[in-house]
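Below are the chains, spelled out letter by letter.
Number of protein chains: 2
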Amino acid sequence: MSITPTRKQFGKRLRALRKKAGMSQEELGFRANLHRTYIGAIERAEQNVSVDNIHKLAKALKVSAEELFK
Amino acid sequence: MSITPTRKQFGKRLRALRKKAGMSQEELGFRANLHRTYIGAIERAEQNVSVDNIHKLAKALKVSAEELFK
Numbered sequence: 000m001s002i003t004p005t006r007k008q009f010g011k012r013l014r015a016l017r018k019k020a021g022m023s024q025e026e027l028g029f030r031a032n033l034h035r036t037y038i039g040a041i042e043r044a045e046q047n048v049s050v051d052n053i054h055k056l057a058k059a060l061k062v063s064a065e066e067l068f069k
Numbered sequence: 000m001s002i003t004p005t006r007k008q009f010g011k012r013l014r015a016l017r018k019k020a021g022m023s024q025e026e027l028g029f030r031a032n033l034h035r036t037y038i039g040a041i042e043r044a045e046q047n048v049s050v051d052n053i054h055k056l057a058k059a060l061k062v063s064a065e066e067l068f069k
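Residue numbers (numbering that gives the first Met the number 0), protein chains in the order written: chain G, 0 to 69; chain R, 0 to 69.
Excised from the complex, chain G in its bound form (with noise of 0.2 Å):
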């Protein structure tokens, strides 16, 4: 898959999000039901993430999916 901004970005963020929280891409992962590569290339921009995705992504770092796109 192509890199983006938009997906650098989202990245970026969710990293930040991620290392403030204290949890490493296998605890998101694990929290999120999302395999921890699936976590690595999300942040490596790698990937197109989809608002189900989003969505458990925010709920696993116990933030608002809006948080994602701050």
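Mixed in with the good hints, there may be bad ones.
Pulled a few chain G residues facing chain R out of the computed Cβ check, cut under 8 Å [as the list claims (entries may be wrong)]:
#	residue
1	THR3
2	THR5
3	ARG6
4	GLU25
5	PHE29
6	ASN32
7	SER49
8	VAL50
9	ASP51
10	HIS54
11	LEU60
12	SER63
13	ALA64
14	LYS69
Straight-line alpha carbon distances no greater than 30 Å define the calculated DSS-like cross-link-like pairs of lysine-lysine that follow [unchecked claim]:
#	chain 1	residue 1	chain 2	residue 2
15	R	LYS7	G	LYS55
16	G	LYS69	G	LYS18
17	R	LYS61	R	LYS11
18	R	LYS18	G	LYS18
19	R	LYS69	G	LYS19
Just so you know, these hints were derived from the structure itself, not from any lab.
All of these numbers come straight from a predicted model, not from anything done at the bench.
Ideal placement from N, C-alpha and C gives every residue a C-beta, glycine not left out.
Given chain G, put chain R in place with the hints provided.
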């Protein structure tokens, strides 16, 4: 595709913001460079929209992406 609560919420929000902007599905599609039938499908929660298209929709509506998750 299955309809999830997350997709329903997103579709409802998109429709509300589109109506607020006084745009038809066709006009939003034109501005976002997405097909009007795809806009309709998102609003009906039939699509699991991804960050790239969320960004296109927000831009076309002249709102921030986070606005679409409020």
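Status of the hints after comparison with the structure:
Hint status for G/THR3: holds, given a least beta-carbon distance of 6 Å to chain R, under 8 Å. Contact between G/THR5 and chain R, as hinted, is supported at the beta carbon level, the nearest pair being about 4 Å apart and thus within 8 Å. Taking 8 Å as the C-beta contact cut-off toward chain R, the hint placing G/ARG6 at the interface holds, the least distance being around 6 Å. Interface hint status for G/GLU25: violated, as the beta-carbon distance to the closest one in chain R is roughly 23 Å, over 8 Å.
The interface hint given for G/PHE29 is broken, as the beta carbon of that residue sits about 20 Å from the closest beta carbon of chain R, more than 8 Å. A distance limit of 8 Å between C-beta atoms decides the matter here; for G/ASN32 the minimum to chain R is near 14 Å, and the interface restraint is violated. The closest approach between the C-beta of G/SER49 and any C-beta of chain R is roughly 4 Å, which is under the 8 Å cut-off, so the hint is satisfied. A distance limit of 8 Å between C-beta atoms decides the matter here; for G/VAL50 the minimum to chain R is near 5 Å, and the interface restraint holds.
Annotation: G/ASP51 was flagged as interfacial toward chain R, and the flag holds, the nearest CB pair being 5 Å apart, inside 8 Å. Restraint check, G/HIS54 versus chain R: the minimum CB separation of about 4 Å is within 8 Å; hint holds. Residue-level restraint check for G/LEU60 is violated (minimum Cβ-Cβ distance to chain R is 14 Å; threshold 8 Å). Because the closest C-beta pair between G/SER63 and chain R is about 7 Å apart, less than 8 Å, the hint holds.
Against a cut-off of 8 Å between C-beta atoms, the interface hint on G/ALA64 holds, since the closest Cβ of chain R lies about 4 Å away. Evaluation of the G/LYS69 hint against chain R yields a held restraint, the C-beta minimum of about 6 Å falling below 8 Å. Note on R/LYS7 and G/LYS55: the hinted pairing holds, with a Cα-Cα distance of about 15 Å set against a maximum of 30 Å. Using a Cα cut-off of 30 Å, the hinted pair G/LYS69 and G/LYS18 holds, with the two alpha carbons roughly 16 Å apart.
Proposed proximity of R/LYS61 and R/LYS11 is supported: the alpha carbons are some 17 Å apart, at most 30 Å. A hinted pair counts as satisfied when its Cα atoms are at most 30 Å apart, and R/LYS18 with G/LYS18 does not qualify at roughly 38 Å. Restraint check for R/LYS69 and G/LYS19: the C-alpha separation of about 22 Å stays at or below 30 Å, so the hint holds.
Figure legend: structure checked against the earlier numbered hints; hints not met, in rising order: 4, 5, 6, 11, 18.
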